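Starting from the structure of chain A, add chain B where the hints point.
What follows is the residue order along each chain.
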Amino acid sequence: MWRFIIGRLLQAIPVIFIVITATFFLVRAAPGGPFDAEKAVIPEVKAALERQYRLDLPIHEQYIAYLVDLSQGDLGPSFKYPGRTINELIESGLPATAELGAYALLIAVIIGSLAGIAAALRPNTLQDYIPMSMAMIGICMPTFLLGPILVLIFGIHLDWLPVSGWGDIPGDKLMPSITLGAAYAAYVARLSRAGMLEVLSQDYIRTARAKGLPEWQVVLKHGLRGGMLPVVAFLGPAFAGLLAGSFVVETIFQIPGLGRFYVQAAFNRDYTMILGTTVFLSTLIVLFNLLSDIVAAWLNPRLRAQLSE
Amino acid sequence: MNLLEVRDLQVDFNTRNGHTIAVNKISFTVKKGEITAIIGESGSGKSVACYSLLGLLPQPPASIESGTAVFEGRDLLTLSESELRQIRGRDIAMIFQDPMTCLNPFMTIGDQLIEPLMFHKKVSKASALARAKELLVEVGIRDPEATINNYPHEFSGGMRQRVMIAMALINEPKLLIADEPTTALDVTIQAQILKLVADLQKKRDIGVIFISHDLAVVADIADQIIVMEKGFVVEQGDSNAIFTAASHPYTQKLLAAIPSDTKVTTLNDPEPLIQVKNLKTYFNTGTTVVKAVDDVSFDINRGEIVGLVGESGSGKSTIGRSILRLLPITSGHISLDGQDLTKLDTNTLKQTRRRMQMIFQDPYASLNPRMSVYDTLAEPLLLHKIETRKTVEHAVLRLMDEVGLARAFIRKYPHEFSGGQRQRIAIGRALATKPEFIVADEPVSALDVTIQAQILDLMLDLGKQYGLTMLFVSHDLAVVRHIADRIIVLYHGKIVETGTSETLFNTPQEAYTKSLLASIPGRNRLAS
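Top line first, the protein sequences correspond to chains A and B.
My numbering numbers the first residue of the first sequence as 1 and each following residue consecutively.
My numbering numbers the first residue of the second sequence as 1001 and each following residue consecutively.
Treat the hints with caution; some may be incorrect.
[Stated by the list, open to error] Straight-line Cα separation of at most 30 Å, DSBU-like style, residue types lysine-lysine; simulated pairs:
#, chain 1, residue 1, chain 2, residue 2
1, B, Lys1122, A, Lys221
2, A, Lys221, B, Lys1133
3, B, Lys1350, B, Lys1280
4, A, Lys221, B, Lys1125
5, B, Lys1031, B, Lys1350
6, A, Lys221, B, Lys1174
7, A, Lys80, A, Lys46
8, B, Lys1174, B, Lys1203
9, B, Lys1121, A, Lys221
10, B, Lys1514, B, Lys1195
11, B, Lys1203, B, Lys1350
[To be verified] Away from chain B, derived, C-beta distances all over 10 Å, residues of chain A:
#, residue
12, Trp2
13, Ala22
14, Phe24
15, Phe25
16, Ala29
17, Glu99
18, Asp128
19, Ile149
20, Tyr204
21, Leu213
22, Gly241
23, Ala266
24, Asn268
25, Thr283
26, Leu299
[As the list claims (entries may be wrong)] Between beta-carbon pairs, the in silico distance windows are:
#, chain 1, residue 1, chain 2, residue 2, range
27, B, Gly1140, A, Trp298, 28 to 36 Å
28, B, Asp1375, A, Ala22, 41 to 49 Å
29, A, Pro142, B, Pro1105, 35 to 43 Å
30, B, Gly1140, A, Met136, 48 to 56 Å
31, A, Val295, B, Gln1351, 50 to 58 Å
32, A, Ala29, B, Lys1385, 49 to 57 Å
33, A, Trp298, B, Arg1355, 51 to 59 Å
34, A, Tyr129, B, Leu1460, 54 to 62 Å
Read the hints as simulated data drawn from the structure, not as lab findings.
Because the structure is a prediction, the values reported are computed rather than measured.
Heads up, the beta-carbon is just placed ideally off N, CA and C, and yes, glycines get one too.
Just chain A, same shape as in the assembly (with noise of 0.2 Å):
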């Protein structure tokens, strides 16, 4: 097992190099640089701010200086924001960010794979339909759709919910992570009816049921590990995506998170924010793939004997 674990971390490290790589050259290829959009700037001021950020070198001399910076983990100044280095502000957007993902994703996990086991469990009927027309709705629905319909019903027709921030009203929390993980529970929810009736089609289920087993026992001690490996494969990257994706949603409800950093960080050339936060998700894309493949590894005893021959 611990093999398997540092052979994936080790296969990570080339991963994320040609990540950063491919990003730092990308960025720079792009028209525009970061101080283009000042108006009137002196060409004496223009060259200073270029040595400070270290653009006046060549190219691939700015390429290897950011790698020595970067093995020793420093993302390097931010552009737009003076004075305050990629570390910091990552640091400052992170525990919002980190604390909607986690919500949204334990909305997406509970509401999704519920719903697909019912569906599994009664297929093609009512109890499979509904949930499961749902799901495509929740598929379908862009955030940004989804978010300001949410604030419209709750936030303003019914006013049982606050319309904006984060951790200061009680329960503003709540739309922000039913809407960034809506889609994902609609994805879990179709994962977990096709994993359940998958399973539940299985010759040892018949076993289970010819013991004598209640219904409820069947399904929750025979079924549901085998049932929820498909959906455990998809939280590791889902995570990840979470995180990237929930700029949207930030936005709509004015969260103090990363997302906006990132997209910003698009806009304005922000040539180190840019790479801080792709190094940093990137980083996390890879651990959270490798933490579900150790949930099903350890969920499936046969995965299991594979890893650790």
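What follows is chain B alone, placed relative to chain A:
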């Protein structure tokens, strides 16, 4: 004493494809202390009948239309689901066909074993585990202390079936329903499991329903035999009566389908077509080297059918594939008509392949589901430029005639055929290039017995007609005995014994061959 009395049971299926009567007004009784065998081919309704008694059929599509099934004074068919649940696993237990898929792969066998006991009898986990260990010993699993925490994938097929049996018996049921419990197992393991079931039944004096498609399997253990065909019970009675004086034509057909004769051959001036010398095929799994075929040498003469017999893992299929060069061999020589196949370049090998063909075990899996009969049979003819686009249809029709497929089926796809018909397509495909040599890898083991007999006869006929040389790979000695001129017995990748079918069956020399022969089901009854 009647343990179970089934009267006029009718089970229907309502599906999109229409309404079928799977079990048609059948009646039978199962006595305490007896093994009642229900025999029938796939689709005869034998499993459906038993599953319907325990409420294990999904309803819909199934529906129980009529009948009673009295077990200990109560009609099982009128009980509610929760009342039935009390009986399932406690008074009536089941074991199933495929032990590979019937145990939960995510739970240790210990946890699965104690489940029925803890659920029905509310005993503590510790005493349930203690009982489970006793039972594991009783069903022949050594060292239960160590194995009880293992997962199913750590056991062989035979061992898993033993675990299934222990699980079924843990509540000391009064009736055990065994649904084809040995069909997926090797012949020696099958013999062990049959003996185990019979022994446990005698010791406990319980009733057993033994469902099987193969009369031979139940010949030695059944007290009573019920023969089913297309949902009807066509004959039932005492086991002796069935074997000595079967009256229904279908039962007689089943009995006749048991291959029991030995092929007697006289080959004049043998001329080797295939020569295998010191063949070794090893598989490297990364950590260990599996010696699947370990230094094997033999000849196959022109026009001869050689049977290659062994249990799973003996290397018999690997030899077949190695000869056709479908697998990379480790060392050794294989020659066809004096030409060394191991030294051929890809192009010449392709030319030579035409002369050698293969028929696979599973006609469901080995035919491309998106190709019609015409496409399947025309492909090799066109590929090897035997026929042109203009003449190919005629050739395909001729092939279909030869393998006994109606010409009207030419545009149909594999899923529209039965198992036997699919195997006919596969044989037609193999014969398309007019090969001299055919490797048949368990060609009849996925088929019902009467179909099996038809396919074997077809292969024998075609063999004669085409002057084919054949390597017939099988785990089933009775089948090989029927078709092969000469038999090679394999064990762990090595040849144990070789001889003509006659000598091998009448005077086996090696202990392993003797134990294999002793495992053939029904030999006592059928010999007499």
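Those earlier numbered hints the structure runs against, lowest number first:
5, 11, 20, 21 and 26
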